[in-house]
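Hints are included, so try docking the two chains, each in its own frame, into the full complex.
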Amino acid sequence: MRKLILAVAILATVSVYAEQKNVQVLTNLSDSQLGLAMNNMSASLGVHCDFCHVFNEQTKALDFASDAKQEKKTGREMIKLVLDLNEKNFKGRPIVGCYTCHLGKEHPSTVVSFPMPPAAPTKSHEAEEAEHKAFPAAKDVVAKYITAIGGEAAAKKLATSTMTATGTRTDLAGRSTPIEVFNAGGKTFVRSKPAEGPAMSQMVSADSAWMQGRQGVRTMTGADAATSYLFARAYEPVTSLPEKSGVFAKETIDGHDTWVVGSQLDEHTRQRVWFDANSGLAVRRLITVDSPVGRIPTQTDFDDYRDVNGVKVPFTVKVSSVNGGQNATRKYTSIELGKPVDEKLFEAPKAP
Amino acid sequence: MQLLTNMTDLQLQRTMNFMRASLGVHCDFCHVNDDKTGWDFASDAKPEKKTGREMIRMVLDINSKNFPGRPQVTCNTCHRGHIHPEGLPELPQSAPPFPTPAEESRKGYPDPKDLLAKYVAAIGGEPALKKLASTTRIEKGTSERGTNPPLPIEIYTSGDHVLVANVGPAGNKNVQVLTAGGGWMRNKDGLKPLRPSDIENLSGTASAFTPFVPKLPDKALTFSKAKVGDHETWEVAGQLDDKTRERLYFDINTGLLVRRVITRVSPIGRIPEQTDYDDYRDAGGVKLPFSVRLSLVDPWSSSIRKYASIELGAPVDETMFEMPK
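Protein chains in written order, with the numbering used here: chain E, 1114 to 1465; chain P, 157 to 481.
With the rest of the complex left out, here is chain P (with noise of 0.2 Å):
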């Protein structure tokens, strides 16, 4: 590692799957992938990976020259999911409009308080917010993830604590528990604690898929109208913390919350996750989507999730969450 040091696991896998993303490449791309001794990351073998440390270099320089501090510039602002970018306008070109039209205003857009109490009130209102605050929650239906098709998946929920019990594709049965302090997974080829990448792994996509409470972020504001699948929304974005955006799409005539994109800052860009929303129905009370899409730049770890059933407040076992002996 020479330049992008200080991140962890996680970040870095994100990284690289950013710029993966940005090319439209698989891994092999700048890595070598040796059919014997498998991925070799720390090869400097291949001239992409040398002409991809210039870019990156190129990149930091860029934005700190040009936009103080903010990553404004990354991979995919030129590539766009090629190896080359384009740099030929397209021809032929139509005729742009003259006088250039002002930018729209956002005076008259919906308060995104106002936003946020329809979608409280499509989703049940104040007991529904009680019954959302319930600490247990049981979830079954299928998952499916990357090229696989849907598989069976269970998840438990108890505060903190979180099992997730599913099938993969051989028929093998895996079992992945996160707690407070770690976490453990037994699969087939057995029992063993979670490794820090794994626990950040695993906690990243449980929270992603955790349905929605419903809070503004810092700064809210109604963006712009936009369109996500064929819903009509309005777009509140805001920030989370210094290094970590959201930005929340809400049906506009339902109320109810279709898209969620939170982007982290990463030295080459702002890296997204989103999670697409869909098939609300009542879960003891409370309207919950029982189709959740994560969407992430590493492909092989998006899902959709698809359940049978949600259930909130029921009792769990929490000897469940213990590791086996």
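In isolation and in its complexed conformation, chain E is listed as follows (with noise of 0.2 Å):
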């Protein structure tokens, strides 16, 4: 367990304090950028940082820079590879990454296995297309989601208005821990007690973000802020969808038959929003960023739904990522909506 601990605290760690030297094949990044690529990476194949960067065991750290490993000379190689299959196949579009192959192992497999399941008579375009007309319109997906939450009042409630809420946070490693989340006005702020050690607060928004722990007060900046921000946003529910979105399948998703809705966000950023056929209401959502070795997941899943004076909310929201330090499931036992929220909590305390 201590291992393990370790662990997800060194992965933690690495997004948040990687610097750039020596990067050579994935250049134009920023650190948030080259930190969640790397993450994908180390995803894909299973593996820990240690399996390409050197760790240096006077100083308990990784050399991120140090090209002394023949894993990390390969992991360029493979980089290139994926770039140049990218550029002349799929005109440049991240659609072979790292895991379309590896599939979360070293070493990927080539030959097929036995025995194989009979191959079933493929369905014609004809029969696809007719699959594909029955298939509701987006917009009456998202108007039922609205619907099941309480409604346009309430949906715009849940957008705008202040949050305020307890419960707990669980991390990859098990370990709960008391939280309070504030949010208002696009500012969150999260403060947790946890069993063990000092009381840890962290305040993240779209131009600025501050922590404070152990070490005092930190402001964030780059790929610390920019990374938080991501995650912060991870755990909002479901509020809107773009305009042009589409319903391109139909999956079960621990049971619940669920309508998987598709948008693009931004030219680099997509969604994929699963709705429950039968209660309207939202199971999933997974956000992809393109990056050169592929599109990076970002994952959260909605359960227990509640009322909030007339609101439907998750009370139980779980975000996984490829940065396993990222990944936790928070279980509210309380949540308000429009309570004021005191200023001072987004401002970062001075030191004394």
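Simulated crosslink set (DMTMM-like; lysine to aspartate or glutamate; CA at most 25 Å straight-line):
#1 P/Lys221 to E/Asp1197
#2 P/Lys205 to E/Glu1241
#3 E/Lys1246 to P/Glu204
#4 P/Lys206 to E/Glu1239
#5 E/Lys1363 to P/Glu204
#6 E/Lys1236 to P/Glu242
#7 E/Lys1218 to P/Asp217
#8 E/Lys1182 to E/Asp1197
#9 E/Lys1173 to P/Glu259
#10 P/Lys202 to E/Glu1241
Per the computed footprint, the stretches of chain E lying under chain P, defined by three or more beta-carbons under 8 Å from a beta-carbon of chain P, are:
#11 1152-1161
#12 1200-1211
#13 1216-1228
#14 1232-1246
#15 1400-1408
#16 1433-1439
These are computed hints drawn from the structure, not numbers from a lab. Quick caveat: nothing in here was measured; it's all calculated off a predicted structure. Yeah, the Cβ is synthetic: ideal placement off N, Cα and C, and Gly gets one too.
What follows is the structure in structure tokens.
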């Protein structure tokens, strides 16, 4: 267990403190983008950073700039392979990523395995089109969701009003910590009190971020701030979808029949939301961001919807990422909407 | 044929099936199948076939650029039985081990020669080897081919002559004979000589079902400890020639061979042929598998044979191999 906690702690710091030294192939990426691209490679092979990067036993730190390990050299060759492959065959779109072949393993498997399931006759294009035509329109799926959470006014309240919540946060290692969450005006403040060690708090917004912990107060910038903002947003419930969205599949998630609605959020960002076909509620959201080594996913699972002053809000929210340190499940015990939030909470405390 | 040229019919058929298996689809995914006129393999009408060609070019290009000469990346590397490969890592991720464990050392693995010696002892030792070297063999039992139920089969072997007599699903009786220079077959449509592609197919199947002759491939190496069904095994890997590799899986406890996989190079990857051995019983002083399952990328040719009897060295009437007038 200790080992696992250490591993998670290291993973968490990687994206935060990555400095760009000796970066040869994945250039022109922000620290945050580079950090996530690295996590995506690690997740694709099912390995820790030390698979490619030298771990210095004396300093107990990873030497990211070192090229001492053969695996790092092979990694560079592989990145070149992926870039070349996408450039030549998919007009530069990151269709093929590390995971496409590796599937979570160091060595991809090339040979088919026996026994094979019998092949079903191929569906005709007509049959496929007919199936797609029977899909509901995305706007109807979204409208059903809005109705399910309480109607237009409820959706607006969920999107714009302040939120005060208490509950627990459980990380990948299974450690649970009591937390308090405050949202107001696009700013999020999260305070946690672990059973051991000092209280921790973090504030993120689109343009500023800070954290307070064992080492005092620290302003977050660059990768640090961008990554934290991305994950703070990942906990927010679904409130609206872009106009240009489409239902492209019917899938089953944990026994729920769902409609999968896809949208493009910007040139490099895509979103898929799974809506329960019966209840109308959103059960999963997946946001992918393009990187040179494939699209990088962040997944949010919503569960335990409960009524808060006429708005149905998910009380269990699980965020999964290629960055293991950010994987956590929040279980709220109380959520209040529209309650005044003390603006002082969002200001970084002055050092004593 | 534009890309996969210079192949025999069987090689091409297997290569096509390798692609089919990699995507988990039937031939009609790419090829036109008309209710009235049947299969039109030459037609380029379907866009999937055109995409298939692009993909073959891509695989050839990746391998020639990154893995000099070796067909390292195949259709299955990405597709894994699905039409659309998955590029997104599956979430949630479990924490990877830290520090990264060193790859298991092969030091301490048994020598392949010792595994082969244990196998020979398990099937009956030197006397068994002598018996295995018999030039004649008669096997009787059932064969379950593709989606058919088990149906009676008899196989008579004398040197490089093989006669397979089986009963088809409709009760029809078939005979196929393979001789040194050719062969013939008789079924409900009558009697005819084998075409070169039939000979290739039939001799491929006959050799896959021939009892394993204890011999190690070149450069044999005990490669890993592998689980095969319920068996813990030692996996021995080596090469039969520069295009063909063999993997042998010996049960750690009994020493018996439970699986053999032969892979042959094709432009789009190594194509496997897997034989699983089970139900070892005594056959006149040799322990032989009475259940043999052959798995190919072509599921319609894959089959399980369950023998009721195997006779080694039994007299075989040589006239049966002659093509009737």
